[in-house]
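*Asks:* Make the full structure from the sequences, and use the hints.
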Amino acid sequence: MKDVADFVIRRGQWLDAEGRPTGPLPDFARDTAEVERMYRMMTLCRLFDAKAVNLQRTGRLGTYAPCTGQEATHVGVGAAMRPEDVLCPVYREYGTQLWRGVTLAEILVYWGGDERGTNFAVPRQDFPWCVPIASQTPIAAGVAMAFKVRGEPRCAVAYIGDGGTSEGAFYEAMNAAGAQKLPVVFVVVNNGWAISVPVAAQTAAQTLAQKAIAAGITGVQVDGNDIIGVRLVMEEALGRARRGEGPTVVETLTYRLSDHTTADDATRYRPAGELEAAWPSEPLVRTRRYLESLGAWDDAREQALRADCSKQIEAAVQAYQSTPKDSTDAMFDHLFAHLPEALEEQKDSARRWSAGH
Amino acid sequence: MAKVTLVEAVNMALAHEMARDPDVVLLGEDIGRNGGVFRATIGLQERFGPLRVQDSTLAEGAIAGMAVGMASQGLRPVAEIQFMGFLYPALDQICNHMARMRNRTRGRLTMPIVVRMPHGGGIHAPEHHSESLETLLCHHAGLRVLCPSSPARAYGLLLAAIRDPDPVMFLEPTRLYRMAKQEVLDDGLALPLDRAFRLREGEDVTVVTWGAMTHDVLRAADQLSLEKIGCDVIDLASLSPIDHDTVLDSVSRTGRLVIVHEAARHCGVGAEVAATVAERGLHDLLAPVRRITGYDTVMPYFKLEHDYIPSVARIADGIRETART
Amino acid sequence: MSRFNLPDLGEGLQEAEIVQWHVAVGDRVAVDQPMVAMETAKAVVEVPSPVAGVIAALHGKPGDTVATGAPLVDFKVDGESPPTPAQGPATASGGVVGHMPTSDEELREAPMPQVAPGSPGRRRRALPAARDLARRLGLDIDAVAGTGRDGLVTVADVQAASGHAASTQHVPVPAPLHRASDSAEGELEVLRSLRRAMAQSMSLARDNVMECTVCDDADIEHWESGNDYTSRLLRAIAAGCRAEPGLNAWFDATSQGRRIFHHIDVGIAVDTPDGLLVPVIRDVGNRSGAELRADINRLKAGARDRSLPASDLRDFTFMLSNFGVMAGRYATPVVVPPAVAILGAGKVSRDVVAVGDRIEVHRRMPLSLTFDHRCVTGGEAVRLLGAVIKDLEMRS
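Protein chains in written order, with my numbering: chain A, 1 to 357; chain B, 358 to 682; chain C, 683 to 1078.
Source of the hints: derived by calculation from the structure; they are not laboratory data.
Just to be clear, a hint being listed does not mean it is correct.
[Said to hold, decoys possible] Straight-line distance between alpha carbons at most 30 Å, and here's what the computed DSBU-like set of lysine-lysine pairs gives:
{"hint": "1", "chain 1": "C", "residue 1": "758", "chain 2": "A", "residue 2": "311"}
{"hint": "2", "chain 1": "A", "residue 1": "148", "chain 2": "A", "residue 2": "181"}
{"hint": "3", "chain 1": "B", "residue 1": "360", "chain 2": "C", "residue 2": "743"}
*Replies:* Have a look at this one:
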């Protein structure tokens, strides 16, 4: 027997948990305004998350999927993308979406049980939240194929969770994208848990990034709580994709500091102490410390930022709560470009009975 | 005798059958340590161990396909699909292998499998968590499709499903999981398969329904009884095959048929009931058959879900109209 | 005062247990401040305050179970208008859980008998079209004898029974209608029995039959004495039907079918104080004038005192209206389905007629034949009419 294939998976980290550079930093990391912009967005995500959970707990929002702990991954990916790229999210990557122009109110309207929240005013070509696990990944490959067919220098980005990488669709998407050298990046957000199933029970693979090897494409790991690292690795992957050098799997290592959703209770299955052990590595503090080390941050600015975020959130909650329920016509009006005549009667029936509730 | 909810009755039946038959093995996402997202399998992994209550990888196709493989070796897998909207990746295995294996191998390989899944909406859930997709399964030959509407029927039918030598799709009405309790004796007595259940006697209108709608139909029937309209309420329970004789017998006495289901109207199971009555019971009908169903739209996200699911008022109105025709 | 009801903390949860209160009555709370830890079937969760204010009441103590939608906390709210939940179980009007019964509800299901098919209580089996016709005629389908397979009631059965019903009291009478006016004059008289049946059969004819009427005269100047109008008319109809059997028939619009009869059973319209009655003279083609006369007399007497059996009032294949005994020369008599033709005989009068080049005065009988043009052609109709006239113009 002789060796015919070999592979190495590299993991990158640029800021450690204390916010100290582990080596030379990219240019954008020395631009304090840019780092501050990312930190502001991460903070907004964190505070919004808490508000959304409270709204659910008081009966004012439906089931909500929190993002606490994963803000660096989400914001870093958003910051690396260009506006003309297309995002295929899962359902908790608010940092990316907000960066790309989705509003807090749109997010609340969606989790409030209303499809209008997915009619994004700004990123008109981005896909809505995707509940059926991994099904968004072949879609992203298809979006990338369209860019290739038209010769456009744009990229598609698909998110997927650690659990999602067990689905066949993920492999199908990677394999097709690799075979066709498509401009797509698959971001595997490894937060440790697929609801109650830990990564170790999900796969025997050492890393999720190495799943790319089977598809013949590049796979790389990055500290998902390191905003500098995530953005840098994503910029490199997107750059390769844009240059026609094919797809990449980026595995960001982070941790779900929340329950899976507001309908979940992670204390039932997570080992005692794991959550507490994960908190020191969370992404906001290290980013703040890094900003402080640049002399660009202090308590006063922190307080002002939090007040500003709360104001934005409060305004979004107001906008959400003052959004009247959609009419039953909406069920029919967006079913087809032109509603088949056969459905008109049902549309009338829905109107007639909507008053009952 | 214990008073239990429907989800507790499911748990009770699973536990009973696992204790009775060592070949019964559970698999599904989050069913082990977490006890299932609805807690249907709570306590079972502690009791029977991780090999008999398996936390599957997050892959519905793998769950269904592995159930096929395990069944071929004589195990009796009971697989859980977390929500019916996540059924689609599993359909390849269910429809192309599970449903056909006995036939393809002329009985050499058999599939004593149960695939459990929550069914229907009304619980304020996220998108893709509220679907009623029974038609997809009912259209496939080789599958039994059950949908219990009470704790007692959940218990008795799940036992029957596990003991049956062929694949059974077991749809558990999510809205009923904790809606009401019922005294259920953990006696291991299975209910018959392929049978409908008459829940109420009435002379004026036969009302056929299943799943969570059963309770709304019974409430509508309560209202109508005050108006002297008697409903003969039939819980179909077995959606494939359908116990047409029970329906036809009722229609022969009432002469009127209303079918209520949450799933979309077009090609819904109600159409099959109506077509069979047209074929075999037309001469008994005093009025046209009426269907009261979900609309032929996407199951809306929860703000509009109660505009989609037939309400008690809408059901009562339809039955009343039919009774007066 | 603002009341906060326990929302659905998961998906479709019906209740939750109070684990621990973090606040007490009189405490001031801020928005989103944790108030209470609640344990559901799925999770232990912290429930925050939805408002800023002072706790006025706590509903329940640790260990208590609270139903979804039941009161949890009352507040004295800062400012006058507390935020109203946009949706969800906390509102009384909207949301799923507000409409769901709690887990205290207990199902009680009595086992229901599974009645064997064919057991007593089964309804009369009938073609849907037959039911529809019976409904329009005001007939009780259960009283109609079915002649189809296994007693199935057909359209023809209903039509047959409608004649039967006309002679009996089976026709249901609706509740009296009232006018606003109290005046006795012109008071609404609800149609009963024969007149009501006439209203229904005439409506049926109007709605369904494509009527066409053709008129002519029969010269009966040369009749020998002893001829009576009705029996001669019956004989003439038999002659007409032999010449053109297509008018001695029934037409079923549902099946688009025509049934032509060999025997000729003529229904004769008899005017009675209660309304129209149509006794049937059987087998007109094979009976003598005397036999026909005897039958006519029997039926007329029976019609007047309403003693005719049902068998004399159903299944005519052709109809005769001898209206001319009173007045009127021509008319457009109405075909009553399923029959397809009716012959009307008007008042016999002395007319000036041309006989060769001469003018003479002859007794003539005006005839009006109405036929259902859906299944009878004009040619068929006039051939029949011609044969009728030819027979009538015979001396005897």
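*Asks:* Taking the hints in turn, state whether each one holds.
*Replies:* Hints, verified against the model:
no.	hint	verdict
1	C:758 to A:311	holds (24 Å)
2	A:148 to A:181	holds (9 Å)
3	B:360 to C:743	holds (25 Å)
Violated hints are absent here; each numbered hint is respected by the structure.
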